[in-house]
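Chemist: Chains as they are written, first to last, in the numbering used here: chain V, 5 to 227; chain R, 5 to 227; chain P, 47 to 265; chain B, 47 to 265.
FYI, nobody ran anything at the bench for these hints, they're computed from the structure.
If we take Cβ atoms under 8 Å as the criterion, some of the chain B residues that face chain P in the derived model are:
1) Met47
2) Asn48
3) Gly49
4) Pro105
5) Pro106
6) Leu110
7) Ile189
8) Gly203
9) Glu245
Away from chain V, derived, C-beta distances all over 10 Å, residues of chain P:
10) Ala112
11) Ala138
12) Glu156
Subject to a maximum C-alpha distance of 30 Å in a straight line, what follows is the list of computed DSSO-like cross-link-like pairs (lysine-lysine):
13) V/Lys142 x V/Lys37
14) P/Lys204 x R/Lys142
15) R/Lys37 x R/Lys142
16) P/Lys204 x B/Lys204
17) V/Lys142 x B/Lys204
All residues carry an ideal CB built from backbone N, CA and C; glycine is no exception.
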Amino acid sequence: MTALHQDEPETAHADEHDDHGHSHLEPIEARVKALESILVEKGYVEPAAIDALIETYETRVGPRNGARVVARAWEDPEFRAALAADATAAIATMGFVGRQGEHMVAVFNTPEEHHLVVCTLCSCYPWPVLGLPPTWYKSAPYRSRAVMDPRGVLAEFGVVLPETTAIRVWDSTAEVRYLVVPMRPEGTEGLDEERLADLVTRDSMIGTGLARTPGTAAGEGTR
Amino acid sequence: MTALHQDEPETAHADEHDDHGHSHLEPIEARVKALESILVEKGYVEPAAIDALIETYETRVGPRNGARVVARAWEDPEFRAALAADATAAIATMGFVGRQGEHMVAVFNTPEEHHLVVCTLCSCYPWPVLGLPPTWYKSAPYRSRAVMDPRGVLAEFGVVLPETTAIRVWDSTAEVRYLVVPMRPEGTEGLDEERLADLVTRDSMIGTGLARTPGTAAGEGTR
Amino acid sequence: MNGAQDLGGMHGFGPVVREADEPLFHAPWERRAFGVTLAMGATGSWTLDASRHARESLPPAEYLCASYYEIWAKGLERLVVQAGLVGADELAAGRSLRPGARLARVLSAEAVPAALARGGPTEREPAAAPRFAVGDRVRTRVINPAGHTRLPRYARGKTGEIALRHGAHVFPDANAHRGGEAPQHLYTVRFTGPELWGEGADPTLTVSIDAWESYLDAA
Amino acid sequence: MNGAQDLGGMHGFGPVVREADEPLFHAPWERRAFGVTLAMGATGSWTLDASRHARESLPPAEYLCASYYEIWAKGLERLVVQAGLVGADELAAGRSLRPGARLARVLSAEAVPAALARGGPTEREPAAAPRFAVGDRVRTRVINPAGHTRLPRYARGKTGEIALRHGAHVFPDANAHRGGEAPQHLYTVRFTGPELWGEGADPTLTVSIDAWESYLDAA
Numbered sequence: 005m006t007a008l009h010q011d012e013p014e015t016a017h018a019d020e021h022d023d024h025g026h027s028h029l030e031p032i033e034a035r036v037k038a039l040e041s042i043l044v045e046k047g048y049v050e051p052a053a054i055d056a057l058i059e060t061y062e063t064r065v066g067p068r069n070g071a072r073v074v075a076r077a078w079e080d081p082e083f084r085a086a087l088a089a090d091a092t093a094a095i096a097t098m099g100f101v102g103r104q105g106e107h108m109v110a111v112f113n114t115p116e117e118h119h120l121v122v123c124t125l126c127s128c129y130p131w132p133v134l135g136l137p138p139t140w141y142k143s144a145p146y147r148s149r150a151v152m153d154p155r156g157v158l159a160e161f162g163v164v165l166p167e168t169t170a171i172r173v174w175d176s177t178a179e180v181r182y183l184v185v186p187m188r189p190e191g192t193e194g195l196d197e198e199r200l201a202d203l204v205t206r207d208s209m210i211g212t213g214l215a216r217t218p219g220t221a222a223g224e225g226t227r
Numbered sequence: 005m006t007a008l009h010q011d012e013p014e015t016a017h018a019d020e021h022d023d024h025g026h027s028h029l030e031p032i033e034a035r036v037k038a039l040e041s042i043l044v045e046k047g048y049v050e051p052a053a054i055d056a057l058i059e060t061y062e063t064r065v066g067p068r069n070g071a072r073v074v075a076r077a078w079e080d081p082e083f084r085a086a087l088a089a090d091a092t093a094a095i096a097t098m099g100f101v102g103r104q105g106e107h108m109v110a111v112f113n114t115p116e117e118h119h120l121v122v123c124t125l126c127s128c129y130p131w132p133v134l135g136l137p138p139t140w141y142k143s144a145p146y147r148s149r150a151v152m153d154p155r156g157v158l159a160e161f162g163v164v165l166p167e168t169t170a171i172r173v174w175d176s177t178a179e180v181r182y183l184v185v186p187m188r189p190e191g192t193e194g195l196d197e198e199r200l201a202d203l204v205t206r207d208s209m210i211g212t213g214l215a216r217t218p219g220t221a222a223g224e225g226t227r
Numbered sequence: 047m048n049g050a051q052d053l054g055g056m057h058g059f060g061p062v063v064r065e066a067d068e069p070l071f072h073a074p075w076e077r078r079a080f081g082v083t084l085a086m087g088a089t090g091s092w093t094l095d096a097s098r099h100a101r102e103s104l105p106p107a108e109y110l111c112a113s114y115y116e117i118w119a120k121g122l123e124r125l126v127v128q129a130g131l132v133g134a135d136e137l138a139a140g141r142s143l144r145p146g147a148r149l150a151r152v153l154s155a156e157a158v159p160a161a162l163a164r165g166g167p168t169e170r171e172p173a174a175a176p177r178f179a180v181g182d183r184v185r186t187r188v189i190n191p192a193g194h195t196r197l198p199r200y201a202r203g204k205t206g207e208i209a210l211r212h213g214a215h216v217f218p219d220a221n222a223h224r225g226g227e228a229p230q231h232l233y234t235v236r237f238t239g240p241e242l243w244g245e246g247a248d249p250t251l252t253v254s255i256d257a258w259e260s261y262l263d264a265a
Numbered sequence: 047m048n049g050a051q052d053l054g055g056m057h058g059f060g061p062v063v064r065e066a067d068e069p070l071f072h073a074p075w076e077r078r079a080f081g082v083t084l085a086m087g088a089t090g091s092w093t094l095d096a097s098r099h100a101r102e103s104l105p106p107a108e109y110l111c112a113s114y115y116e117i118w119a120k121g122l123e124r125l126v127v128q129a130g131l132v133g134a135d136e137l138a139a140g141r142s143l144r145p146g147a148r149l150a151r152v153l154s155a156e157a158v159p160a161a162l163a164r165g166g167p168t169e170r171e172p173a174a175a176p177r178f179a180v181g182d183r184v185r186t187r188v189i190n191p192a193g194h195t196r197l198p199r200y201a202r203g204k205t206g207e208i209a210l211r212h213g214a215h216v217f218p219d220a221n222a223h224r225g226g227e228a229p230q231h232l233y234t235v236r237f238t239g240p241e242l243w244g245e246g247a248d249p250t251l252t253v254s255i256d257a258w259e260s261y262l263d264a265a
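Please take these sequences and the hints and turn them into a complete structure.
Modeler: Below is the structure:
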């Protein structure tokens, strides 16, 4: 058998370190703390940079970005066309760029097609427009079933689509990141972009939800 | 999506029981003890029967049975032919019958072909001739790799075969149980069946070993 | 089901670990888990296929973290509850809270040798002639049932050759789910290493599985 | 590698569990695991592909039992040791025992916004014309590398259609293992549900993956 089917040496080495290194029973909390302090002591990382990274995603980058992109696509046919033609460039015009959003593709829900995004192999997700993914998106139940039983998954999210609506699942196996543009709800004529963005839930941009109809509870607004 | 891809209700029910029943943290030792005593109290099982089952496989049924089958196949061309034609019947003539050996197939190693047995889906193993399987046979490393990297697995058992020897892996996915008949070692002319059986290691009847050559250490004789 | 039990072709588990003394049982509770599982099996309250399914239905993380007889014990817990023989409350309490149901058979110590010698043959009278003969080329079907199946993931949608015929045998995919024995012709199907694993596979390798007729199409 | 990370099409994990409040981080250590992983990534000591491989290389039982940032933290431990930046003895001791190596870059707080805005684009100048056009029928290859790959098991040996072209992108199977960027044309390939999952699959379903050219043959 060729080397293809062998565990490569570097993995074996890492296993060894785990066996001879610290105990598996040491709580992860202590392990992470120790790891950070070693890396800081060695001058590899600066705690202030770590703080800044965390703060960025806790306070500045989240699904409101994507909601504004969607709202503009609903309102502005030219922007919608630009988003369809080159989502990375169109989204960049709104200032949302960078890590985990370097190569964007927008997919548009219609009565005929419903799009759903997953990363079966890890947790790829368009950070600049949606922020960091929720835990369920990274979880084994979602990753295992979204590609084989998407209607079953959607039902658990309360989304039941007509059987005539085709399901289009996008498994993000490369650095391309997918943004679902949900259908614009009825009764939203005349709303401005900010009010429209209020209706765009995070889940609707993953495909596990729909945009809210005006007047429905905003309790799930951030999802 | 059809029901095919849904978890069936009985599984869901069992999960619920686990959630609402006893804690997952309860040590398995206590769980097994409680389970047995419940089943005894309800009159479903008799402790003496459990004792008898355990005793059978701890003291009466083991790889010596298979070693005797192999030794006879080495010595007796007629038996060998019968074993090749209908292993279940041939093995039954030696008194080895029953559970997990109801449908036997014997496969014969030659310089051209080396056979290896695995059960990737659970732990199927020919109990009447080999007894209960060793832990490694039931383990994830063996089950995962035997079908994809059998030469790598064999090397870990110290068995390195010429590249010209083809590997024939048998994944026991039904109730057919496979017994490997290893090649008869050199220098065994004139040995009687009992002495020949001493050379037949358990691993040689799974395919992860070879028969011992007369005069080599018997330390691994039961393997 | 595509559960954690379907291990063929997975990476990452490391080398095969052999124990120095290879105890059949590593603790008294393993002995009891083994014996009580066989004794309950002998009551006929479920099929062998159903018991395999109970084990493979453990959540994958739990299955992979558990020791072998732990899987048996947890599988047996599920089986007795599913069969209505024990209540979840009783498992939680660790003792019987109600009289037991009446079982058709209870295994006595005296009956053990005969029961083991009888075993559970799965060959049945075939209802029809076999579709395939030794040497025929067949292709395994692509199926992904949520229930029990004995067609491993690595051998789905693959072309091989009928190597052996075994007559008709109980069909686990039905028998595990109270679907009756539904016997089908059973074959050993042999695949080449490159067919299963692609480029880089050992060209001298063949892997065979035992496959029921409904797993197979003519290739 | 066919590790525990390759979850598409597995059964047994139960329903999707959504948290009521959906915290980004569930404990302070998760925050730090996230931040320190990104900060170390910014030093350029390994590639994003290598970091994914470090995570998926966790033993399957450990991977499936671990929480998300636990996987990140354990992956980072492997990476710093493999890169020779931290000794296993230092991880065991929980503190630095030697001066650090000199890194080409260390991320400062001030540089964070620009680093995040820059990201890590993977598109490269193509060295050759693409082999496939939108609408072409392709078949994914059957590969089972022990190393990193982004071709999931469920999509191997399957026939689909080129849906999108993305230009040439860094090839993870090489880049994860110090094989350089080795860019290849990248395509979105769309499969039907029945092609992937067989009988009983939703006939309206399509599933697409992003696939590098060497994963594909003309069908």
